[in-house]
Structure formats: C-alpha cells, structure tokens
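Peer 1: Sequence:
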Amino acid sequence: MPQSNSPTHQPNSGQNKLINNLFYYEINDTRIFIESGIKMEVLEQSIIYPVPNAPKWYSGTTSLRGDILIIVNLHFLLNAKLSSKKRRLLKLEHPDFPPLALAVDSPPHQYDVNTLMDGKKTNNKNYPEWITSFSTHNNYTYLFADHAALFNAMQSNSAPAQSTGDN
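Here this note's numbering runs 6 ahead of the position in the sequence shown, where the first position is 1.
Treat the hints with care, as some may be off.
Dumping the calculated DSBU-like pairs for lysine-lysine here, alpha-carbon to alpha-carbon at most 35 angstroms [unchecked claim]: (1) Lys-45 / Lys-126; (2) Lys-126 / Lys-92; (3) Lys-127 / Lys-87; (4) Lys-87 / Lys-97.
Derived by calculation from the structure, the hints in this document are not laboratory data.
Turn these sequences into a full structure, and let the hints steer you where they fit.
Peer 2: So, in structure tokens, the structure goes:
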C-alpha cells in the first residue's frame with residue numbers, strides 16, 4: 007500500500023512538539039530521506055528483467071500491475087559497494103514524473119529529522135547533485151535528497167552519478 011510522509015504533533019511533557027518524521031531507505035550505512043509528497047510502495051517478490059547494454063545505473067525493469075518500471079541502481083549512483091543484504095525494490099511516485107523503482111537495502115523506516123538539523127551540511131560535491139544536504143549521527147550518514155532531480159535525470163537519460171570533484 008502506498009505511503010507518504012507528513013509531519014505530526016506529539017505531546018511532550020504537556021507541550022505540543024512538531025515531530026518532522028520522514029521515511030528513509032538504506033544503501034549500506036547511508037539513509038536517504040524521501041521528501042513529503044512522494045508516494046512509495048515496497049515491491050515484494052518482483053522479477054527483475056535485465057536489459058542488455060544498459061548503463062550501469064540501470065538495473066533493469068520490473069512489472070507492477072501492468073506498469074513497466076525502470077529500476078535505478080543507487081549503489082552505482084552513490085559509488086557504494088554492493089552489500090550482502092537482500093536488495094528490495096521500492097517504487098517511488100513523484101507527482102510530476104512517471105514512477106520508477108529503486109534497488110535498496112532495506113524497506114522504508116521513519117525518522118525524526120529534527121535530531122539531525124544541528125549537524126546538517128550542504129552537499130559540497132561529495133554526493134550526486136540530487137543530494138541537497140547530509141548529516142551524520144550514530145555511525146549513519148543521512149542524505150536529504152531531491153528525488154525530482156533524480157527523476158528528471160532518469161527521464162532525460164543522463165546518469166546523476168556522484169561527482170568526481172573535477173567540475
């Protein structure tokens with residue numbers, strides 16, 4: 007069932023405190039937040055159809071209820087080693103683009119991003135352009151993504167890969 011992100015209010019010692027929970031998915035020890043307004047669905051038991059001579063960021067295609075979805079290889083885009091974890095497919099639906107699937111290491115989880123705001127840093131070319139900022143906390147790296155930029159790059163068939171710093 008598709009889910010989306012939204013802030014909630016939660017009582018805290020008699021006061022209302024805004025909890026800004028966002029869903030994230032994992033690539034190794036990196037957690038990538040999904041912006042509010044993007045619907046997501048974990049695809050269980052999906053068959054991945056390989057596509058010969060495809061770019062490295064393209065893991066193949068899958069079919070979901072009659073729709074063909076492109077599968078994006080985030081390990082390649084983030085220059086991350088493939089983990090030993092069982093990879094899952096996560097369907098993302100942005101309101102302005104056709105849906106696509108991401109090969110991820112974990113199903114989505116929620117996290118209160120308020121705990122990361124003090125250490126949040128702007129992306130300084132350590133990550134692809136669709137990553138706007140990042141933070142580290144408890145041995146995890148948290149990436150704040152602009153999935154619209156990722157969708158746009160996929161639609162224009164330009165790999166939004168990690169910058170080499172030569173630009």
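Peer 1: Identify every previously stated hint that the structure contradicts and give their numbers, smallest first.
Peer 2: The structure conflicts with no hint, since it agrees with every one listed earlier.
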